[in-house]
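With these hints in hand, go ahead and build the complete structure from the sequences.
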Amino acid sequence: MSLDRHDKMVARVDAWARRVITLGGAVIIFSVVGLVGFILYETYPLFASPVIEKTGEWALASRISPAKGLEIGSDEYRETSYRLDDKGNLDFISLESGAKLATFSNPLLHDRVVSSHRMTRRNFVTFGAEGGRAGTAEIKYLANYAGKKRVVDPSVKYGPVFLLDKDGGGISKIAGYADDDGNVTVAGFSRKSGLFAASYRLSGDEAPSADFNPKAVKLEAPGEIVTSLAISSQDAAVFAGTESGFVFIFSKSGDVYALREKIKASDVSVTALAFLIGGEQLIVGDADGKISEWFDVRHVRLKNNGSQTAYAGGLPVKPGEEIELPDTGYSDKKAGLDKAFTLASGGKKLLKIRSFESHKERVEIIAASPRDLGFATAGGDGTVAYHYSTSGRTYKVWKPGQKADLLVFSPKADGLLSMGNDGMLYNYSLDAKHPEITVGTLFSKVWYVGYPGSQYVWQSSGGTDDFEPKFSLMPLIFGTLKGTLYAMLFSVPLAILGAVYLSQIAPSSLRNAIKPMIELMAAIPSVVVGFLAGLWLSPIISNHTMSFLMMLVSVPVGWLFFVLVWWAIPRKKRPDTSGAGELFFLTPIVLASVAAGYFAAPGVESLLFHGDLKQWMYSTLGIVYDPRNSVVVGLALGFAVVPIIFTISEDALSAVPPSLTTAAYALAASRWQTAIFVALPAASPGIFAAVMLGLGRAVGETMIVLMATGNTPIMDLSIFNGMRTMSAAIAVEMPEAPVGGSLYRVLFLVGLLLFVFTFLINTVAELITMRLKKKFSRL
Amino acid sequence: MGEKKDYVRGFWAEGTPFIWFSGIAAVVLVLMVVGLVSLILANGMSQFWPASVAKVSLKNGSYLLGSVSDREKTSERDRILLRIANRDVNGLDFKWVESSAITKVEYPESVSVLERDEYGPMYGFINSLAEGESSVASSSPEFQNVLREKLRTVREKTASAKKLQATIDSEKKEVTAVEVRLRRLDEGEKANDPETLLEKAGLEKRRGVLLENLGTKLADEEKELERLKAEVEAPRLDVTLSDGSVAKVKLRKVLAVFNPNAMWFGAKFVHYMGNMASFITDWPRESNTEGGVYPAIFGTVMMVFIMVLICTPLGVLAALYMHEYARQGFLLSAIRLAVNNLAGVPSIVYGIFGLGFFVYMLGGGIDRLFFADKLPEPTYGTGGILWASLTLALLTVPVVVVSTMEGLSAVPRANRDGALALGSSKFQMIWNVVLPNAAPGILTGVILAVSRAAGEVAPLMITGVVKLVSAVPVDAVWPYVHMDRKFMHLGFHIYDVGFQSPNVEAAKPMVYTTAALLLLIVVALNALAILLRNKLRKKYMGSAL
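Keeping their order, the protein sequence lines are chains A and B.
The first sequence begins at 0 in this note's numbering and counts up by one.
The second sequence begins at 2 in this note's numbering and counts up by one.
There could be a bad hint or two in this list.
Claimed, not checked - A few chain A residues facing chain B, derived, Cβ under 10 Å: (1) T21; (2) K411; (3) L484; (4) V499; (5) F645; (6) L666; (7) R670.
As the list claims (entries may be wrong) - Partial list, derived from the structure: chain B residues whose beta carbon lies under 7 Å from chain A: (8) G24; (9) E172; (10) V176; (11) F428.
Stated by the list, open to error - Cβ-Cβ distance ranges computed for the label pairs, FRET-style: (12) A/S154 - B/W284: 53 to 61 Å; (13) B/D283 - A/D430: 49 to 57 Å; (14) B/E378 - A/G739: 18 to 26 Å; (15) B/E378 - A/D430: 45 to 53 Å; (16) B/L165 - A/K432: 53 to 61 Å; (17) A/L141 - B/G203: 30 to 38 Å.
Everything labelled a hint here was simulated from the structure, so no lab data went into it.
Where a beta carbon is used, it is the ideal one built from N, C-alpha and C, also for glycine.
Set out below in C-alpha cells:
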C-alpha cells in the first residue's frame, strides 16, 4: 500500500470516527431532551381544554313532522338520532345525510304529550300527557354487520301508559328512572292535583296493555308549583324544584314517599334539575341563569350542655342550643370538639357545593354526560355551555345558530346534539379527555361526594363504575416532604459530624479504612434497605418503641457522663486517646449507652406511661401507632442518604487547602477549633451541596418508602404513622393505569415534578461545588 | 481558683467532648454499615444450615417436632418459637410453646426431614418405603440405599415422562393450531358468514388428515406416558408425624430426605453447600417462598448484559464527543451539567419514561407493524426484558459518561501532544493513546453502572419484571433469544416475596438469602470499581509529577 493511499485511509477513518462519535454525543443530548420532552408530551393533554366542534347541521323542518320536539338522542356511534314529538311519535334521522330513516308511533297514546324526561345512561324516555297519563319508551339500537359495513337498526320498546293523575290533570313535569332489574319509578306533576309518584316493575317481555294501573302516591308539597323534577339513581328519591325557589326532597321507604328536606336553592324559580351519573350530584339551574351543584353531606347535631357559649366549627353556640354541622370528623373523634358538646347524628343534608358560569337568562335544559361528571346546559338566551363538576369549570360557552330547545349527550359522551323548535339539528363532537383535571383540582382542596368539606384527597381507583377518581397531588407531595424531612433529620447531623471527624480529626489511616466502607454503603441496593426496614426494623421498633426512644436520650447522656468523668480525671492521668485509639475508645461508650437505654426502658415506661407507651399515646394524645411509620422511613431513608452527604461533605472538607488549617494550628488553635472555625466554614458551600444532593436522593427514593411505609396517602405530621410519597405512588399505581387515561397522565405529571425538583436541586449543588473548586484552587 | 477556671476553659476549648461527639457519629455510621451487612449476610447465609429437629415433650403427654427458631424470655413469659413445618397438616409453620408446658427436650437421631416440592419440609419418623404391596422398613439395614435408589429412579422417570409429554405436545402442535383457529372462527363476530363456514370446513378436514397421520404412534406414546406416570406415582414414604398420624408421602413429591440430628458437622456442611447450589440453580416453588432463584439470577444477569451492551458504547462515545470533539463553551458546559444531573434523577422517572416511550410507543408501534395478527394480545407492546434493559441503560449512561470523562481528563496532555507531534491523526491519537489510558476510568464507569442496575428495582417494576416466569428469555425455541419476554429479577424478588406473599413469616428465609446474594454481587462489583478508581488515580498522580 502506498503511503498516499495509507494517508487517505487514515483521513477517511478519522472522518468516520468523528461522525460516529458526534452521533454518540448527539444521542446523549437527544436523550436528555427527549426524556423531558416525552414526559411533557404525556403530561400536556391533562391541561388541554376540551374541544367542541360542530360536525353537522341539518334543517329537518321539511323532513319530519312540524310538531314540537320533546326529546332527542343518538346511538353510540353517533350515526343516527331520534326525536320524540308531542304526538308521541319517534322519528329516526341519519346523522350522515339528515334523511329520515323510520317513524314509530305509540299505539297506546292518544293525548298530546306535554312533558318528557330521558335517563342519562339509557335511552329510556318517560313522558307525561294531557289528561294525566304517563308512559315510558326505550329506544334500542342493534348493530348489524352486513359484510364489512356496520348498520345500526333502531327499534322502540314501548312501556305501559297509565293514569298518573287520577283527576286527569295534564302532566306538566315528569321524571323517570328504571334500574337494571326493571324497577321503574315515575314522578309527575300536574297543576291540577300536585305531585305524584308511581313505582312498578317492568319485565322486558310482556306487551304493554292499556289497562295497566300502578298505584300512584301523592307527594305533599302544598301550594307549590313544580317547575323541575329529578330522580336519584341512588335511592329513587324524588327531587322537585319549585317556582318559589325551593327544592323538595322526598325519600322513599317501601311504597311511601316522605318529605326529607326542603331547601331554598334559589331566590327565583328553579327551572331545571338533573343528576350527574352516580345519582349523587344534583345540578340546579334557575330562572336567572345561575347553575349550581348540590349533594348530600352527612351532618352531626351538636348540643351545648355546658353553661357557657362554646364554639364548634368556628360558630358560637349558646348553652342549651343545638347546632347542625357537616361531620368533619366529629363522630370518629378526628376533629377536636369542646367537651361541653354532646353529639348526635344529623343525617344527610343537601348542601350547595359549587357554582358554575351563569347563562344570561333562565336555564332551560341540563344534560348530564353518561360517562363522566360533565354536563351541558342551555339557557334562554340561546347559549349552550359545557361544565365539569369536579373541577367546577365551565369549559365552553357557545351559541348554536338557533336557540337550543333540546340538548343531549351521545351515549359515549363523545358528542352533543342540540335541536331547536325550528327543526335545526346540530351535531357536535366533544373531545374532553381530562376535564376533571385542572391546576385547581391537583393542588387545592376539592369537595368530593361523601366528604364533609373541601379536602386534599388522593384516591385514584375504586370498586365501582361510578367511582370518581380523586387526584389531589398534595397528599403525595406532603408525604414526600415528610419522609424526606425525617430522613434528613437523621442523616444530616450524623453524616456531617462523621465527615468533620474523619476529615479533620481522625488520623489518615482511620480515614482510609472508613471512607470506602461508607462509600460501599451507597452501593447497598435500596430494595435491601427497604426490606430490612419493613420486615426487620419495623417490628423491632414497634415492640421496643420505648427502648428506641430511650436510646435517643441515653447516647447523648452517656456522652455527657463520660465527658464529665474525663474532666474529673486529672490531665496527666488520662489515658492516651490520640489517633485511632479514640474510635476504639468511643465504640464501647456508644454500645454501653445503647444498652443502658434498652435496659432502662421498661422501668421508665412503667413509671411515666403506666407500662404501655402506645396505649398512653392513644388515650392521652390520640396518636395511633402504625408499625410502618415515619421513624422507620426516616431511619431507612436516612441510611440511604447518609453516604451521599458524608462522601461529598468529606470531599469538600478534605479539599480545604492545608494552608488554612496549618495557619490555624500555628495560631495555637486546637484540633476542634480548627475543624469548626476554619475548615467547616471554608467547606460550607460544599456541605450545603452535599445536603442538597442528599435531599434529591431522598425525594426520589422509591423502594425504601414503598416497603417501609403503609403507603396510605394521608396528611398527618405524626411521626408514628406513614405516608405515600410521589415515587411510591408511581411505582404502585402505574402498572394499573390505563394508557392515556387521567391517572396515567397524572402519574406522568408526578414524575415531571420529581424530575424538575431533583434536576434543580442537583444543578444548584453542582454549581456550588464547581465554584468551591475554583475558589480552593485559587488559594 | 483562677487556675481552675483556666483549666476548665482549656478543657472545653480543646474540644475533647465535641470531638467525641463527632467521633460518636462516625462510630454510629460504621456500626450501621457493618451491622446491616452482617445482619443480611448472617441471616442469609445461615438459612440453609440443616437445623437440628427437637422432640419437645409436653406436660399433656403429647410431643412436638420442630427446630427452635426463636426464644422470648422476659419477666412475664418464657417461650420458644418452634418451626414445626408440615404446613399441609398443621396449617402453620411456626408455633410458640410456653417453657412451663415443656417436660423434656431431646434430639432423637431417627427424626427425618423430608424436603418436598410443596408445603415446605416435613418433620417426622419414617416407618417404611412402600410401593404397592411391598415395603422396606426404615429399620432395615439397606433402607438408606433403597431410598436413594428409588428417589433417583423416580426422578429419572419423571424427567422422561416430561420429555415424552413434550414430544407428544410438539406432534400435536399442528392439530392444536388448527383447533385454535377453529375456535377463533366460532367465537368471532362473523361466525355465520359463508366465507367463515368455508374456511371452517377446510380446517376440519385438515384436522382429520393430521390426526390420521399421527395415528397409532401417538396412541402408543400416550400409553407409555400413562404407564410412566403410574410408576412415578406409586412409591411412597409412610411417616409418623408428631400428632401420631401417619402421612403417606408420594416419593415423587420428595426432593431429599435427611436426618439432621444424626449428621455430624461435615455432613451438615456438605448438605449446606448442596442447598446453596440448589438455591442458585433451582426454580422457585410454592409461590416463590421455596426453591431457588435461578430465573431471577438469569433475568438479572441478562438484563444487565443487554444494558451494558447499550450503555457502554453510547456512554463512551458521548464522553469522547464532549471531551475531545465538541467545541468548549457555555452550551457544552450546560450539557455536561445536564448529563451529570441525570445521574441524580429518581429512577422511577426513568421508569415512567421507559413505560411510556419504549413499551407503549415503540413496542406498540412494533406490534402494529410486525405482530398485527396477534393484536390485541401485545408482543412488544408490554413490559419485557428489552425495554427494561433500555430503560436501565438510559439510567446508567450518565454514570459511564461521567466516569469516562474523568478517565479522559486524567490522560496527561503531554501524551496527546506527543502522539499528534508524531503525525498521528486525531482518531489515531484517541484510539492508541487516550483510550488505553482512560480504560480503567471506562471500566469503573461500567462496573458502577452494572452494580447500580443490578440493585435497581423501581423502574423495572413498571417495565417488565414479574414475580414468576414460566421460561427464561433464552431457550431452544426459535429465535432462541426472546427479547419480548418478561423476566425475574433478584431485587424485585426480594420485594415480591417479602411484601406480596401471603405467608411472610415462611418467606423470610428466602428474602434474607436473596438479599444476601444481591448484596454480595453489588458490593463486590462496587469494591472492584473503587479499587480500579484508586489505581487509576495513583497511576496518573504518579505520571503527572
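Each hint, compared with the structure:
{"no.": "1", "hint": "T21", "in the structure": "6 Å, holds"}
{"no.": "2", "hint": "K411", "in the structure": "19 Å, violated"}
{"no.": "3", "hint": "L484", "in the structure": "17 Å, violated"}
{"no.": "4", "hint": "V499", "in the structure": "5 Å, holds"}
{"no.": "5", "hint": "F645", "in the structure": "7 Å, holds"}
{"no.": "6", "hint": "L666", "in the structure": "13 Å, violated"}
{"no.": "7", "hint": "R670", "in the structure": "7 Å, holds"}
{"no.": "8", "hint": "G24", "in the structure": "5 Å, holds"}
{"no.": "9", "hint": "E172", "in the structure": "38 Å, violated"}
{"no.": "10", "hint": "V176", "in the structure": "31 Å, violated"}
{"no.": "11", "hint": "F428", "in the structure": "4 Å, holds"}
{"no.": "12", "hint": "A/S154 - B/W284: 53 to 61 Å", "in the structure": "57 Å, holds"}
{"no.": "13", "hint": "B/D283 - A/D430: 49 to 57 Å", "in the structure": "54 Å, holds"}
{"no.": "14", "hint": "B/E378 - A/G739: 18 to 26 Å", "in the structure": "19 Å, holds"}
{"no.": "15", "hint": "B/E378 - A/D430: 45 to 53 Å", "in the structure": "29 Å, violated"}
{"no.": "16", "hint": "B/L165 - A/K432: 53 to 61 Å", "in the structure": "55 Å, holds"}
{"no.": "17", "hint": "A/L141 - B/G203: 30 to 38 Å", "in the structure": "31 Å, holds"}
Hint violations for this structure: numbers 2, 3, 6, 9, 10 and 15, all remaining hints satisfied.
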